[in-house]
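**Student:** Here is what each chain is made of, one letter per residue.
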Amino acid sequence: MSRRQAAFRDDFRARIAPAYFGWAHVALIFVLGASCIWYAARQIVGPVWYEFLVIPFAFCVSNVFEWWLHKYIMHRPVKGFMGIYKRHVLAHHQFFTDVEPTVDNTRDFRIVFFPPYALVAFMAISVVPAFLLSLVGLANAGWLLLITNVALYLNYETFHYCCHVKDDSVVRHIPLVNSIRRHHIAHHNPAIMMERNFNLTYPIADWFFGTSDLRCSLLKHVFNGYDTRSVRTDLKRVRHSAGDVRVAAE
Amino acid sequence: MSGPRAKIKTGKASLIGGIAVGIASMIIWAGISRELGYVGMVPMGLGLLVSAGVAGWIRVADL
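Residue numbers (the numbering used here), protein chains in the order written: chain A, 1 to 250; chain B, 1 to 63.
Since the hints were derived computationally from the structure, they do not count as laboratory data. Since the model is a prediction, treat every value here as computed from it, not as a measurement. Possibly wrong hints are sitting among the right ones.
[As the list claims (entries may be wrong)] Quick list of in silico lysine-lysine cross-link-like pairs, DSS-like style, CA-CA up to 27 Å:
{"no.": "1", "chain 1": "A", "residue 1": "LYS71", "chain 2": "A", "residue 2": "LYS236"}
{"no.": "2", "chain 1": "A", "residue 1": "LYS166", "chain 2": "A", "residue 2": "LYS71"}
{"no.": "3", "chain 1": "A", "residue 1": "LYS166", "chain 2": "A", "residue 2": "LYS220"}
{"no.": "4", "chain 1": "A", "residue 1": "LYS86", "chain 2": "B", "residue 2": "LYS12"}
{"no.": "5", "chain 1": "A", "residue 1": "LYS71", "chain 2": "B", "residue 2": "LYS12"}
{"no.": "6", "chain 1": "A", "residue 1": "LYS220", "chain 2": "A", "residue 2": "LYS236"}
{"no.": "7", "chain 1": "A", "residue 1": "LYS220", "chain 2": "A", "residue 2": "LYS86"}
{"no.": "8", "chain 1": "A", "residue 1": "LYS220", "chain 2": "A", "residue 2": "LYS71"}
{"no.": "9", "chain 1": "A", "residue 1": "LYS79", "chain 2": "B", "residue 2": "LYS12"}
[Said to hold, decoys possible] The calculated label-pair distances, taken between Cβ atoms and stated as ranges, are:
{"no.": "10", "chain 1": "A", "residue 1": "TRP38", "chain 2": "B", "residue 2": "ILE16", "range": "23 to 29 Å"}
{"no.": "11", "chain 1": "A", "residue 1": "THR106", "chain 2": "B", "residue 2": "GLY56", "range": "16 to 22 Å"}
{"no.": "12", "chain 1": "B", "residue 1": "GLY11", "chain 2": "A", "residue 2": "LYS220", "range": "44 to 50 Å"}
Note that CB positions come from ideal geometry on N, CA and C, so glycine has one too.
Here chain A stands alone, though its shape is the one from the complex (with noise of 0.2 Å):
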């Protein structure tokens, strides 16, 4: 780890007030998330086969919004969502770097876990939909609608969970789980991160849009795991200042 990322952990982690509990703040968002889930599956009565194709394309749509928010919104200065910017660039990548990617206890969930109020935000924005479809007699596609995008959210904090957890020994061999790892731990090269690996749950629309650290089919960056064969010979390299030697060489 260099000096500069060490210095900014414990300046982070004093900062993080005595009242906070990672395992609460995962539990909340968990049991709100999952509570969703429960009662919109009771909502659903006698549901026709097409009412079940709005998973498979809410599937696509939240992969491609999941990688444009953290493209265009969480790496931009963007007014009015200045705040997010500001966590996640000015934060979250200064607390973890490709060189050491991973919390060191439960207090650092406050740093890799997305606060509640954003389930609740994504609840909402899926709402919308839902109910206009109700309104189109699809009441049931409403409801699946809700239940994929809630799920969904909940995969990407379990998958960003797995990228920044310490001990691999049991994520290395999951399949998806080891590929988003490998995956989002190269976005966290400094050199690279405002233009690849912007998927945190499957890596499909890095795939499509060009900006994965991979030169390969889809299915392999999907199943690839810890491979490194495939990565890209033309990506930036970074360029190192004083504040990144490294605390263990001294």
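Given chain A, put chain B in place with the hints provided.
**Tutor:** Frame of chain A, contents of chain B only:
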């Protein structure tokens, strides 16, 4: 560390976020209570307490 304790961000985000999550919690609680057949003042009052607790914790944890 010396000096006053610094905050990660201003309290406004955790205030608004806490209220939003509290309202969402109450809505979901009410929906689930109704699904399970628990209606009336007691489950609603309990839901209000839980939601207020969640909102309050988000505020004090500056989340």
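**Student:** Determine for every hint whether it applies to the structure shown.
**Tutor:** Status of the hints after comparison with the structure:
1. A:LYS71 - A:LYS236: holds, 17 Å
2. A:LYS166 - A:LYS71: holds, 26 Å
3. A:LYS166 - A:LYS220: The given pair, whose Cα atoms are some 25 Å apart, holds under the 27 Å limit.
4. A:LYS86 - B:LYS12: Between LYS86 (chain A) and LYS12 (chain B) the Cα gap is close to 15 Å, so the pair holds against 27 Å.
5. A:LYS71 - B:LYS12: holds, 26 Å
6. A:LYS220 - A:LYS236: holds, 22 Å
7. A:LYS220 - A:LYS86: violated, 33 Å
8. A:LYS220 - A:LYS71: The hint holds at about 22 Å.
9. A:LYS79 - B:LYS12: Distance ~18 Å between LYS79 (chain A) and LYS12 (chain B) Cα, so the pair holds.
10. A:TRP38 - B:ILE16: 23 to 29 Å: Check passed, 27 Å falls within 23 to 29 Å.
11. A:THR106 - B:GLY56: 16 to 22 Å: holds, 21 Å
12. B:GLY11 - A:LYS220: 44 to 50 Å: 47 Å Cβ-Cβ, so the 44 to 50 Å window holds.
Consistency note: the structure conflicts with earlier hint 7 alone.
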